[in-house]
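Protein sequence lines, in the order shown, are assigned to chains A and B. Quick note on the working numbering: the first sequence kicks off at 1 and runs consecutively. Quick note on the working numbering: the second sequence kicks off at 1001 and runs consecutively.
Be careful, since some hints might not be right.
Derived list of chain B stretches under chain A, where covered just means 3 residues or more per stretch with a C-beta under 8 Å from a C-beta of chain A [as the list claims (entries may be wrong)]: (1) 1102-1113; (2) 1145-1154; (3) 1213-1219; (4) 1264-1272.
Which chain A residues face chain B? A few, computed with CB under 10 Å, are given here [as the list claims (entries may be wrong)]: (5) Glu86; (6) Ala128; (7) Gly131; (8) Pro316.
Per label pair, the in silico range of CB-to-CB distance [unchecked claim]: (9) Gly131(A) <-> Asp1033(B): 42 to 50 Å; (10) Lys1198(B) <-> Cys173(A): 40 to 48 Å; (11) Lys1192(B) <-> Ser363(A): 24 to 32 Å; (12) Arg196(A) <-> Glu1316(B): 26 to 34 Å; (13) Arg196(A) <-> Asp1024(B): 27 to 35 Å; (14) Val1054(B) <-> Cys173(A): 35 to 43 Å; (15) Ala26(A) <-> Ser1285(B): 33 to 41 Å; (16) Gly1035(B) <-> Asp225(A): 17 to 25 Å; (17) Ala1201(B) <-> Gly344(A): 44 to 52 Å; (18) Arg130(A) <-> Arg1197(B): 23 to 31 Å; (19) Glu1316(B) <-> Ala174(A): 37 to 45 Å.
Simulated from the structure, these hints should not be mistaken for lab results. Quick caveat: nothing in here was measured; it's all calculated off a predicted structure. Where a beta carbon is used, it is the ideal one built from N, C-alpha and C, also for glycine.
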Amino acid sequence: MSPTATATAPSRLPGIRPQRLLDAIAGPHGLDRYLEQISPTLVIGECRAEVVGVEHGSEDSVTLSLRANRAWKGLRAGQFVQVAVEIDGVRHTRCYSPASPEGVSRELEITVKRHPDGLVSNFLVDHARRGMVLGLSQADGDFHLPEARPGSILLIGGGSGITPLMAILRTLCAEKHAGPIALIQYAPDPERTIYREELDRLAAENPNFTLTRSYTRAPGAGDLDGHFSPAHLPQADPDFTAAETFACGPPALLDAVRGTWANGLEQRLHVESFVPPTLLSDGEPGTGSIRFAGTNVEIENSGASILEQAEQAGVPAESGCRMGICHTCTCRKLSGSVKNLLTGEVSATPDEEIQLCVSTPLSDLVIDL
Amino acid sequence: MSTTIESQIPLTPEQIESFGKELDAIRQRVLADRGARDANYIRKVIRAQRGLEVAGRGLLWAGVFPPAWVAGTAALSLSKILDNMEIGHNVMHGQYDWMNDPALSGKQFEWDNACPADQWRHSHNYMHHTHTNIVGKDRDIGYGVLRMSEDQKWKPYYLGNPVYAALLALLFQYGVALHDLEAERLASGEVKLADKRKLLAGIWKKVRRQTLKDYVIFPALSGPFFLFPLAGNATANLVRNLWSFTIIFCGHFPEGTHEFTEEETENESRGEWYYRQLLGSANLSGGRLFHILSGNLSFQIEHHLFPDLPANRYAEISTDVREICERYEIPYNVGPLGKQFGSVVKKICRLALPDRKSRAGDQAPVPEHGSEKERLPVAA
């Protein structure tokens, strides 16, 4: 499976495959458990990345340059990766959309914005250092620049939702894309505008790239004012209905964009949400109970996602993106009803697999954890 | 009956409840404090184990030189002991599951031992730790071949008790591997071989891998000098077998530990469960290195009270557990390895023979007062 393993294996003996020989020698722990003792990024069966650059863009964000190990297969502009960081002995995983362009094989750049209560974001903004090694996943997600580049492209980004769009924009600029590219960037004010200087530079260097900024808390400072509205479109991209559109940002922005791209335009729209949906609407928080069958822990339903409630109760639950993407937290629900907050689907059948991070209880529950 | 137990005063239901709550509080305190310290500890032990293993195998490759053979065998023995005891046993208990590190996940871990990890988790984590020292349920009582309690009815077969024990010690990893096979129940026809097919396939697969590695591949890498790593690997496996047998048998069978009947333990409360774990286990005193090499099973009592707390915490909580035991006048069985193992050997030999006087041996069976609900089942 791994070319590295084959290359370092002893010379071929008749009838013995080097990979199998190596597995037998390194068993039962496996070769990586020895390689990582030399250097954590030397592992061949698992993606890991070393922090090679730390830049504090603004007071509440940090941009990390990562160098992935050889197990990482690269990404398409716009895709996300899961990054795992260990805080006080516990491994936490979050999704980030690298802003680095396609084709730069093992380098990737992620921007982490501080969330007031965010364990991982606070840790990375405050403590990320060069030489730190983070867990990494292969890139994933359907939100990416198509292989056949569209002629005309419109990008709409809000807050840190700019990062996957940055990957797309950088890729197109590096490829000397000839068609028109427009970007509408939403930010609170000029100080809290991610990639401000680089975007200004790209706009100056690439005549086919039009940059339009709208500040939501600094009236008059940008080209436009306030949150997304269909009225912003003609100024940013007069021909927006013909463009392949990529939007990323908070749910309100995406809802507004989706509302505009209706009546047949939907197929030109690609969206990526960056924030988990607001939890609990009709599930009546604080009612009913959740029992975790494997650990025999029973708790009162607090109304939070089942994943959060499991973690608060000390029930070890695997998790990844915490926004319904990666299915790491998928788990069997033995009985009871839950609502998927992403899709609105209600699961009432016993023995169904549910995503803990985006599911909220509608009744007493028994979860196989 | 040993003197410690004789002086034992039964607790009232209120006492047993508050006793249970005090132990729960210790558990909560450690859970709230788990963190980087525990993660660093287990990673340091793993680093030492990997280092010893690589060094041991490397030295044994050149085992034709006597000093290399001796050093290599010693390093590999230590590596296997650490791998099985402080790392494998404890990780597979889920002691480090909270770290979310796939390499330390109790469900996924596999160890350098003939017993397949999934079968170990069933026979040990579930069967032994839930039904500790309940005769007829806890298969660790004698591993299906030995008589370790008066509650097991004597028959002439048990005349060989010391011999079986010696064989089990020498081949301990295979004894552990065959644990779930329930050989004696197969022999008696209680279970059918057909029901054990899958289990056997799993054991065979693991034993084959372990054998191939230690007795074929690594020796072969030394070419004409293959006998040296072969002998070194066999010795290391033997050392690990004898060591783990000794530690494990000292955990539940020195004089003063109790066995229980199924009736006694019906409808146990949390406090009563703790109480049974305490009376059924015994600790070993020693230095820090001794505790690490025993996988902290030298704190068998603390381990049985809290099997999923990180083992490096047992030493520090043992002070509190002991203090609680003193207050409730519950015997806390601890002694040096020599003394505890000596009493295990004595018991193995004594139980080879029929009981001299019913209920008068050193390890008297528990009196039957299971009907007296207001008293604790195991009080004597």
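Which hint numbers does the structure go against, in order from smallest to largest?
-> 2, 4, 6, 7, 9, 10, 11, 12, 13, 14, 16, 18 and 19
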